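Chains A and B are the protein sequences, given in the same order.
Quick note: the first sequence uses the UniProt record's numbering, first residue 1, plus one each step.
Quick note: the second sequence uses the UniProt record's numbering, first residue 1, plus one each step.
Don't take every hint at face value.
[Unchecked claim] So the derived label-pair ranges between C-beta atoms look like this:
id, chain 1, residue 1, chain 2, residue 2, range
1, B, Val9, A, Pro164, 15 to 23 Å
2, A, Val301, B, Phe65, 35 to 43 Å
3, A, Asp22, B, Phe103, 30 to 38 Å
4, B, Phe103, A, Val296, 16 to 24 Å
5, B, Pro60, A, Gly166, 42 to 50 Å
6, B, Val189, A, Gly154, 40 to 48 Å
7, B, Tyr8, A, Val301, 48 to 56 Å
I should point out that these hints are in silico values taken from the structure, not numbers from a laboratory.
Because the structure is a prediction, the values reported are computed rather than measured.
Positions of the beta carbon are idealized from the N, C-alpha and C atoms, including for glycine.
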Amino acid sequence: MTVVDLPARTHPDERTVATGDDQLKRRRRREYGLFALLVAPNLLVIAVFAYWPIIYNAFLSLTDWNMIAARPKFIGLANYGRTLTDPAFHKTLWITVVFTGLIVVGSLIIGLALAFLFNLPLKGRGAVRTIAFAPHILSGAAVATIWAFIFDPGYGLMRALIEPFGAEPPDWMNNSDWALPGLVIVYLWKNVGFAALIYLAGLQGLPKELDEAAAIDGASTWTRFRAIKLPLLAPITFFLLITTVIGTFQAFDVIAVMTGGGPGDATTTLSWSIYNEGFQAFNAGRAATLSIIMFVILLVVTTVQAKVMERRVHYR
Amino acid sequence: MKTRAIQYVVLVGVAAVFLGPLYWLVSTAFKEPSQIYQWPPAWWPHLTWENFSLAWKAAPFDRFFLNSTIITVVGTALKVINAVLTAYAFAYLRFPFKKVLFFLVLGAMMVPGHVTLLPNYLTVATLGWINTYAGLIIPGIGSAFATFLMRQHFLTLPTEVTDAAAVDGAGHLRTLWRVVLPMSQPMLVTVVVITAVEEWNNFVWPLIVTNTASMRTLPVGLLILKDEEGLAAWGTIMAGTLLVLAPMLLIFLIAQRYIVGGITQGALKG
Numbered sequence: 001m002t003v004v005d006l007p008a009r010t011h012p013d014e015r016t017v018a019t020g021d022d023q024l025k026r027r028r029r030r031e032y033g034l035f036a037l038l039v040a041p042n043l044l045v046i047a048v049f050a051y052w053p054i055i056y057n058a059f060l061s062l063t064d065w066n067m068i069a070a071r072p073k074f075i076g077l078a079n080y081g082r083t084l085t086d087p088a089f090h091k092t093l094w095i096t097v098v099f100t101g102l103i104v105v106g107s108l109i110i111g112l113a114l115a116f117l118f119n120l121p122l123k124g125r126g127a128v129r130t131i132a133f134a135p136h137i138l139s140g141a142a143v144a145t146i147w148a149f150i151f152d153p154g155y156g157l158m159r160a161l162i163e164p165f166g167a168e169p170p171d172w173m174n175n176s177d178w179a180l181p182g183l184v185i186v187y188l189w190k191n192v193g194f195a196a197l198i199y200l201a202g203l204q205g206l207p208k209e210l211d212e213a214a215a216i217d218g219a220s221t222w223t224r225f226r227a228i229k230l231p232l233l234a235p236i237t238f239f240l241l242i243t244t245v246i247g248t249f250q251a252f253d254v255i256a257v258m259t260g261g262g263p264g265d266a267t268t269t270l271s272w273s274i275y276n277e278g279f280q281a282f283n284a285g286r287a288a289t290l291s292i293i294m295f296v297i298l299l300v301v302t303t304v305q306a307k308v309m310e311r312r313v314h315y316r
Numbered sequence: 001m002k003t004r005a006i007q008y009v010v011l012v013g014v015a016a017v018f019l020g021p022l023y024w025l026v027s028t029a030f031k032e033p034s035q036i037y038q039w040p041p042a043w044w045p046h047l048t049w050e051n052f053s054l055a056w057k058a059a060p061f062d063r064f065f066l067n068s069t070i071i072t073v074v075g076t077a078l079k080v081i082n083a084v085l086t087a088y089a090f091a092y093l094r095f096p097f098k099k100v101l102f103f104l105v106l107g108a109m110m111v112p113g114h115v116t117l118l119p120n121y122l123t124v125a126t127l128g129w130i131n132t133y134a135g136l137i138i139p140g141i142g143s144a145f146a147t148f149l150m151r152q153h154f155l156t157l158p159t160e161v162t163d164a165a166a167v168d169g170a171g172h173l174r175t176l177w178r179v180v181l182p183m184s185q186p187m188l189v190t191v192v193v194i195t196a197v198e199e200w201n202n203f204v205w206p207l208i209v210t211n212t213a214s215m216r217t218l219p220v221g222l223l224i225l226k227d228e229e230g231l232a233a234w235g236t237i238m239a240g241t242l243l244v245l246a247p248m249l250l251i252f253l254i255a256q257r258y259i260v261g262g263i264t265q266g267a268l269k270g
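Just chain B, with the same shape it has in the complex (with noise of 0.2 Å):
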């Protein structure tokens, strides 16, 4: 009994070890700019959304959030088609040196983003594409690891199925819409949030590709805030920093299962 005991401190000290930042940054954020400078410090705050106005005031805010829902969104969207189409014609489709093909397409996940920053930097640059919707979504819309999970779900379908739907004189493109897409549900769930959570998140992509605050995101934006209103503002930056992250923990508390279904999956069976 006594050990079950200290194994649930344990689990219980963990628990607080995970929440306390976060409980500390909400906790802020909603605090008059006296208790976050006072000592000791004040564990309850007085509500306040003076903090939003005020991150709102030194920072654009409203911009930021736009620009990176449109990113998000549209981002995401052109990388799980990619990832579907170039999935169904793998799993599908005849084509020579189709084996050759698949090595190139999951040979991109050999190539480590940090490296290629600079020539994508510069590639952007030829393209007129620095500073634009373009410049900032297309470089990323390639897929290799979506385009594995989904192929390699594809071929679990049975083949009746497919059979069935091509006797009934369904092309292809109808066969993918209306019959595996459907059967692919929950693997293409997972497939979408774990990309809309990697493309609201991206940092260094967006700090080199943008060059003015009408077209920076939340998470580059959040950056300049902190450099410009420096220590003195740990409330203003608090509630930037909680509307960079509520979206997510929101989605995260959603789509929790696909979330933690797609990562272990990915790993368990790579």
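Same shape as in the complex, but just chain A (with noise of 0.2 Å):
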């Protein structure tokens, strides 16, 4: 997120020769005042519910706590080592990093042939654009039970989809094969619109020039996609990559309603094992130590795209 620095707005009259030192020494202390009262309930919440739940994991992370005991027991790096050797949590991380790179790539790819089909001038192009964006203004938990019934083996829409063709509908949310898949379903369905704006926009407002020149010089609509567009297009995927990552990395609503995790373990990802592990299993200490870890991992997706929009996806 880039800053534009401009200078600050100051009120004319601190600007006009002020008639006396103490009078401007008074105005002064009053802006002040001003400041600090409309800022501080702002930053105060900010510092209580978002800063401060950092230092509290961190600490958290580092004792064993059932939330019911009077105070942690301090065990120093114990849970640390004990996650990171733990079978279960390797899965857990292999799970989210399936199930996050799917999504990426879905979204991605989808949501830019959809772009193209949106900038065709095609009659109603605005109209299917806008019904395949209000998905992503949808409760999760909601749209979520929709699916539930969609993937029903009995009475859901995919099985009579499916049947057609002469293929049995899987039990989608309840076969440990099927439902990560189902579960991608879901999420692209309801995000692939988001993305699909976004490259839309960006297709909108890149420059035509290049493109023309090209197609004069014979280069095929193929070419001119790879060699053009796509280039041009680059920080927007990045854009869309990065938050889509952020996003699914946290996950939750569908997961909740649709699978809980399972079958077994098949769709525990990260966010879901820290609501189990502090919400369920009510230990504390190892919820606030994967916490840790979901924030150091998107801390460096964050400050990686901070760095790159700094420095290269600069196309001007």
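Dock the two chains into a complex; use the hints.
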């Protein structure tokens, strides 16, 4: 996120020559006071509910606590040692990476394809763009509930679509091979419209001259896509990549409604296991450890984003 | 001409993929139970409100609706007020170490919400706010992204207008209310709508911070309805789902322009 740095706007009476030093000081003090008054509530909430949790997590991760005992028991780095060597944690991390990877790749490719479609001079494209985007602003829990019924092997819509081809519909959410792909489908359905919208805005902002010149020189549609449009869209691809990774890592409502991390641990992602350890197993130390691990992973991702945004992905 | 025809077929196909599940939801919600459990499926419902009354009987949906509305209205109001006041202060007022403070505000965006769940639950418990509106609302009213959007917008406003207001003797709050905000209306609407959608859809926080049906919100109530009714009552569950979605679909249809504008702006400027 770049912050445009413009000079602060000052009240014009501060720019006029002051009648005396005292008056100037009083006026400045009043301005400081007003600033503090306006900013304090927001900063207080941010400090308590965004920054303090990181410190609190770091502390809790060094303890063993069931949230009932009067105080947490200090155990040093034992939680980290145990978590990092735990095969169940490795599986959780792997599932999170697969889930995130599939969704990132899926939403970038489908999103870009949709953007090209919506950029064609077709009647009704605006309406379809709106329809494709709509799921993005709908409640994840509600969307997941709809899809739970669609995937119902007995009376769901999926059965009606699959059966005519002579295939047996799987019991999506209770089958450990199908549950994760099922979640990916739901997540993509809900979110590709967002990627499409961003890509479309990017496409419409591309300079036309380059593409036209290449067309005159006889470059094929595919060459123009690969050699001109795709590189020019790189900053947008990068933005979508980062936001999708951050969002998918924290995906919770769809998992909670559709699979609850199961069957077995087939859809237990890092976000689900934080919830599970903290609010179902009441193991504060382990939940805090997993939270810190997630925080560090996403911090690396956002730091890379900030660095790259500053330097490389400039095409102007 | 042939490629154009194929393009239209693809466009219609895309529309069907995104409308299909929503049609499935709405038609099921209005079907008679016997229609839901027949094969092949009925594509057109014999219209009935039965599922809605069943949903109402199975769970206190009026209470869920009330809670969701209170949290959305109050939470959005407080968060947007926070954003506007903070943005105004950073755009128009002087303060020592202002830049550092601004980075502290923006830095909140680097903290993933999911990571804060457990500590915030414990903090809210210490404050005695478990299962209260305060516990549901207050932790979410800190504003970083909306503050950023508002401040960037304030900085694009012409100085002449705010100067004129000051020369006329208007104080800062009056300038904000009478001059700056009216000139920022589209951005304000965008921020309000996006915030309201987030508040309404919020799931995990209300799930962990409430523990009685009387404090549940719609999305959480829906999960409980689904878990209790199981696979035997899809009509009831779809009726409940429609109650959760309908208000946001309505807002989306009305304020689509602002939502789309705000989201693309946030992305392309970021």
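Just to be sure I understand the hint, the distance between the Cβ atoms of Asp22 of chain A and Phe103 of chain B should be within 30 to 38 Å; is that true here? Since the Cβ atoms of Asp22 of chain A and Phe103 of chain B sit about 34 Å apart, the hinted range of 30 to 38 Å holds.
Taking 48 to 56 Å as the stated bounds, is the beta-carbon spacing between Tyr8 of chain B and Val301 of chain A within them? violated (40 Å)
Satisfaction of the hinted span 16 to 24 Å by the C-beta atoms belonging to Phe103 of chain B and Val296 of chain A: holds (20 Å)
Taking the CB of Val189 of chain B and the CB of Gly154 of chain A, does the distance hold inside 40 to 48 Å? holds (45 Å)
For the pair Pro60 of chain B and Gly166 of chain A, does the Cβ-Cβ distance stay inside 42 to 50 Å? holds (46 Å)
Note whether the CB distance of Val301 of chain A and Phe65 of chain B lies within 35 to 43 Å or breaks it. holds (38 Å)
Hint check for Pro164 of chain A and Val9 of chain B - Cβ pair distance inside 15 to 23 Å: holds (19 Å)
Violation of the numbered hints given earlier is confined to hint 7; every other hint is satisfied by the structure.
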